[in-house]
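> These are the residues of each chain, in order.
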Amino acid sequence: MWSRLRSLAGMLFRRDRFESEMRDEVRFHIEARAEDLARTGLSPADAMRQARIEFGTVDAIKDDCRQSRGVRWLDEIGNDLRYALRLMAKTPGFTAAAILSLALGIGANTAIFSLMDAVILRTVPVTSPQDLVFFAHGKGERPGVSSNYPLFERYRAIDGVFSGVTAFSPTAFKFTTNDGLENVTGLWVNGTFHGVLGVPMAIGRGFSAESDQPTDTPTAVVSDAFWLRRFGRDPSVLDRIITLDGRAIAIVGVTAPEFTGLIPGTNPDVTMPIAVRAITRPDYLQDHGTWTDLTIVGRLKPGVTPSAALAPVDVVLQQYMSEEENSWIKKGNPDAFANAVLVPAAHGSGVLRRQYETALNVLMGMVAIVLLIASVNVANLLLVRSAARSKEVAIRMCVGGGRARLIRQFLTESLLLATLGGALAIVFAQWGTAAIMSLFNAAETPLLIDVSPNTRVLMFTAGASLVTGVAFGLFPAFASTRVDLTPALKDVASTRLSRRWSLSHGLVASQVALSIVVLVVASLLVRTLYNLKSLDAGFAGGNLLLVTLDTYATPIPEASRVATLQAVLERVKTLPGVQNASLSRSTPIHTSGNARALVVVNAASEKIEDNAAFTNPVSPEYFDTLGIRLIRGRVFTDLDTGDSQHVAVVNETMAKFWAADRDPIGMTLAFRGDPKDLITIVGVVQDTHQMNLREAPPRTVYSPIPQAEEPPSGLTLEVRTAQEPAAIVAAVREAVRGVNRSIVLRYVRTIDQQINASLVRERVLATLSGGFALLALVLCAIGLYGVMSYTVTRRSREIGIRMALGAARSRVLAQVMSQTFLIAIVGTVIGVVAAFAATSTLATFLFGLTARDPLTVAGVAAALLVVSLGAGLLPARRAATLDPVQAIKAE
Amino acid sequence: MGKNPELLPGTLDMLILKAVSLKPLHGYGILLRIQQISGEALSVPQGSLYPALYRLEHQGLIAAEWGESENKRKAKFYTVTATGRRRLKEETAEWNKLASAIGAALGATTDEV
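Heads up: the protein sequence lines correspond to chains E and X, in order.
With this note's numbering applied, the first sequence corresponds to residues 1 to 891, in that order.
With this note's numbering applied, the second sequence corresponds to residues 1001 to 1113, in that order.
Be a bit skeptical, because a hint or two may be false.
[Stated by the list, open to error] Below are the EDC-like pairs computed for lysine to aspartate or glutamate, each with C-alpha atoms no more than 16 angstroms apart in a straight line:
no., chain 1, residue 1, chain 2, residue 2
1, X, Lys1089, X, Asp1013
2, X, Lys1072, E, Asp24
3, E, Lys62, E, Glu76
4, X, Lys1076, E, Glu31
5, X, Lys1076, E, Glu76
Don't read these hints as lab results, they were simulated from the structure.
All values reported here derive from a predicted model rather than from experimental measurement.
Build the full structure now, drawing on both the sequences and the hints.
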């Protein structure tokens, strides 16, 4: 084995020496033989001649020697490569078009795949992630993963199937910097968190069981990103004390850069033990009365399957739920707590995956089609060119060039094209992913995923290039080596040839069909985005600045937080350029919000099973500032204080639901749990969309801030400005700091930015699918143009003869155009049928139109026909303007 | 060269190994040696000698080195390697077994059947 490798390596690197030594050796042999022959009495010249004859054909023997050494296939590959390169250099336009279309196709696939890799395929970088499971509950496809602390302790006590059970809960902390307070993302964890998961650490240590004990010296573990951002990765950070939520905390460790927690897309800055949370919320550890976002994760013992571990877990859950004090949990939604489920946790929590999986599948399908179109293009161009080479192929096959050898040569060329395309694709994909990630920046919180190319992504690109190269190469390779030798040599356009034309035409028709599918999908998604953006959401957009003000866990005393925020409002109102300003707990098209159960007294409707309403404490100016129209009664005034009669303004949906045809003004309602506090409805306002644009406006109850069920510690400031809101941001910041430096400004945005943030997925889908559709359309047009113009070239002699015999130019034009039209029609019909089948998966993404929207399909079909005819027009005009004499003479 | 019987397929490698196992030889020398040790009964077609030599060298059964021929000319000399010697022994044993078996079979008389 080694000797072979060595001799092969010798061949590769000392090729010249091998050749010269072989030459010397053969020469020596012949001369030695000639000397021996000369001794028998032949003349030297005759002896030499005789020796040569005896030796045989030197070149053939040398070739056999090379083959013995395994060099010949290297030679052949070298020759094939040289030949392919020469051919490519001879037709630079074709080569560039082929490489570029492949690079775009493969690049688009690589970009989407690297997103898929980051969102769906990648496992969390902890020890043996495949052994981790989430403790979830509920029937159906989306088991809930929330829990409370007492249930976690019960789960922890299960014996025998888990080697460790831990829990975490996302949160946010106020981090004290030199410039004031900053909001940082955080995680409350059980002390076993780092140990059970096997979290990789950059420096220092993770928590231990000790961390669960009450302590006067709380500790924290920070993320690598936070360490870099705040401390420039200074190792002395382990001795630092930082202030979080006003408490001094010692940093004991920094997690490794690759670890970003178990919720993909997020990267908590600071992790603290749940024991620290219990300092401010002592009841948290024993509280059965709340259901929190505590997520429980366990590590299965080696050899224990999730199904084997489920039985004891379900026993614990059933027992817990059957206890009297926990009966409230199942009341609202018994199915959600019917049974325990162990959900694999190797990829972390499924929130991001659920949000984007279908969208990514749609995009992956689209880019696969685009690559198919690009491949068909290159296959077609190769086919067209190989037809031009049919004479050469025929000659080579006549002189005994094996068909396998010829096919290999065609494949070498296509693989070379695919390899170059793939290499360029990596560059395109880099730009692509950067562009895609910037689309995600519109969201309120950045999507923190690592999309830099890794081994799996590069393997994917290599695989895609290889498959593409073989696929589009084999086809023309087989087709063009199946030549009928005689007519090909005679240079006659034989019937064989025309049969291959119909193959080419079929390929172009399939491109048209594939393009239709991509275009229909893209049009549906783009129109969905348009429909959502142009929806009347029930308030005035324009120059409206929103600033979330946060006083939670700040030095401002709880009792004066509302007053402090109201002081900010008064100050902002006086700023130049401000037309109006208000405060509210929730703002439209934002996922924050609160729904409360209520009972309405004197209601027309007795429906009480569905009695929840969205509640929003607002300042009196809210409706004016947002441009929400008053329909009946009055809005709030400064006279609606905590001590005055409790009042409410409801939206139209709420009024219709409860009052039906009667006048809602004067009706009273009460929130459940607070039935004595009767609230009188004083006004009805226009409906506004709340959580997002897709959901219908919820039944809404507005109340004056001083009368809110509990005084809010965070409110959003709305500022209506005369000019661009961006111009006033600095002044608003200054005003806030002027009132109290401890107020945290969290999320400063315009209403348009807030709406766009709610449409990130829609915009990503619309933008990308639109881009891919455009690419498909261009590739398809190029394909059609290429094939039609080659058809015209091949038939120019025939066209010339017909024109010489008196055929009108318009007739020639019509003929070429009708052929183009036929291809386009066949492709379009197939494409429309395929699109109907393909778009049914899109239903959940669409808004304001159905997956089979006839207008969209008709529009796309029409657009494609126009583009097809346009692509066919150039070759057709060339055919019609042929000079018959030259055309006939040319061949 | 004479009109000697054709070499049986597969035997050329064995003969080359035998020839170079006695003494390092150049290609032409191997040709002469095979003729000589076979009592002029076998002759190697010159066209297949060199490809066979290159193959054996590639397989590591023989090694080549440039040296000086009898008449002071530069020539490539082949020697057998340890692997080659082992192979020769195995093949010789195989051949003897086969040859005696075929000999016995062909020498069989009616009595023995």
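> Quick one, are Lys1076/X and Glu31/E close enough, alpha carbons at most 16 angstroms?
14 angstroms, holds
> Has the given pair, Lys62/E with Glu76/E, been kept, meaning a C-alpha gap of at most 16 angstroms?
15 angstroms, holds
> Keeping to a limit of 16 angstroms between CA atoms, is the pair of Lys1089/X and Asp1013/X held or broken?
13 angstroms, holds
> Would the pair Lys1076/X and Glu76/E pass a check requiring their Cα atoms to be no farther apart than 16 angstroms?
Violated, because 27 angstroms separates the two Cα atoms, which is more than 16 angstroms.
> Are the Cα atoms of Lys1072/X and Asp24/E separated by 16 angstroms or less?
It holds: about 15 angstroms lies between the C-alpha atoms, which stays within 16 angstroms.
In summary, the one numbered hint that this structure violates is 5.
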